[in-house]
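All chains, full assembly: derive it from the sequences and hints.
Here is what each chain is made of, one letter per residue.
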Amino acid sequence: SQTIHQWPATLVQPVGSPLSLECTVEGTSNPNLYWYRQAAGRGLQLLFYSVGIGQISSEVPQNLSASRPQDRQFILSSKKLLLSDSGFYLCAWRGTGVYEQYFGPGTRLTVT
Amino acid sequence: SQQGEEDPQALSIQEGENATMNCSYKTSINNLQWYRQNSGRGLVHLILIRSNEREKHSGRLRVTLDTSKKSSSLLITASRAADTASYFCATDPGSGSARQLTFGSGTQLTVLP
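As given, the protein sequences belong to chains A and B, one line each in that order. Throughout the first sequence, residue numbering follows our numbering, covering 3 to 114 in sequence. Throughout the second sequence, residue numbering follows our numbering, covering 618 to 730 in sequence.
Simulated from the structure, these hints should not be mistaken for laboratory data. Hints may contain errors.
[Stated by the list, open to error] Okay, the calculated bits of chain A under chain B, using three or more residues with CB under 8 Å as the criterion:
hint, segment
1, 49 to 61
2, 91 to 103
[Unchecked claim] Covered stretches of chain B, going by a simulated chain A footprint (3 or more residues, C-beta under 8 Å):
hint, segment
3, 685 to 695
4, 715 to 723
Quantities reported herein were computed from a predicted structural model and do not represent experimental measurements. We put the CB at the ideal spot given by N, CA and C, even for glycine.
In structure tokens form, the structure reads like this:
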């Protein structure tokens with residue numbers, strides 16, 4: 003069966019510090035991968051998506067970047083965090099030929 | 618941009634009652650999906666309805682879709698305290714290499730025991 007992992011679960015970082023969030027998927031190959039951000043009590047904002055290794059598309063201009071160094075690994079990064087980067091970050095995957103997405107447990111990021 | 622908009626934003630009911638949540642969207646879709654999110658957790662896919670379907674059932678869930686009105690509703694029958702969560706609709710335009718979903722802002726459902 004397929005599983006998706008995200009770490010860390012929670013993170014508190016000072017303004018100006020770097021960020022690296024990791025997402026890995028098991029039990030499938032060549033998935034579409036997605037990074038979302040969710041503000042408190044709000045819906046999901048799509049940040050990045052990837053259809054293959056090294057292929058990254060950005061939905062909104064921001065202080066963040068994404069990379070996909072391996073087929074089932076998706077990384078969200080920042081060189082210098084802003085207060086506005088605080089939020090709940092969710093990684094998701096979608097398999098070939100299906101429409102639904104499967105989400106990881108999320109990372110709660112607080113920038114202080 | 619957030620295409621799907623849920624209504625109401627918050628709903629509080631007694632256990633055993635039915636809960637109805639509505640979703641409106643703006644552009645054409647291939648399918649519409651409903652997801653559930655427990656507090657502080659990831660989203661879980663509940664049900665998908667295609668644009669050529671009008672109604673779909675899954676257990677205690679009933680989803681309807683009216684493409685002429687660009688709206689959908691999710692009905693949870695005989696609600697339980699464990700149904701307390703946020704519910705989101707998501708639209709799939711059917712185009713684009715990654716089939717990006719657009720999520721609404723969600724309905725917070727509270728089921729009181």
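Item to check | Hint check, failures only | outcome: 3
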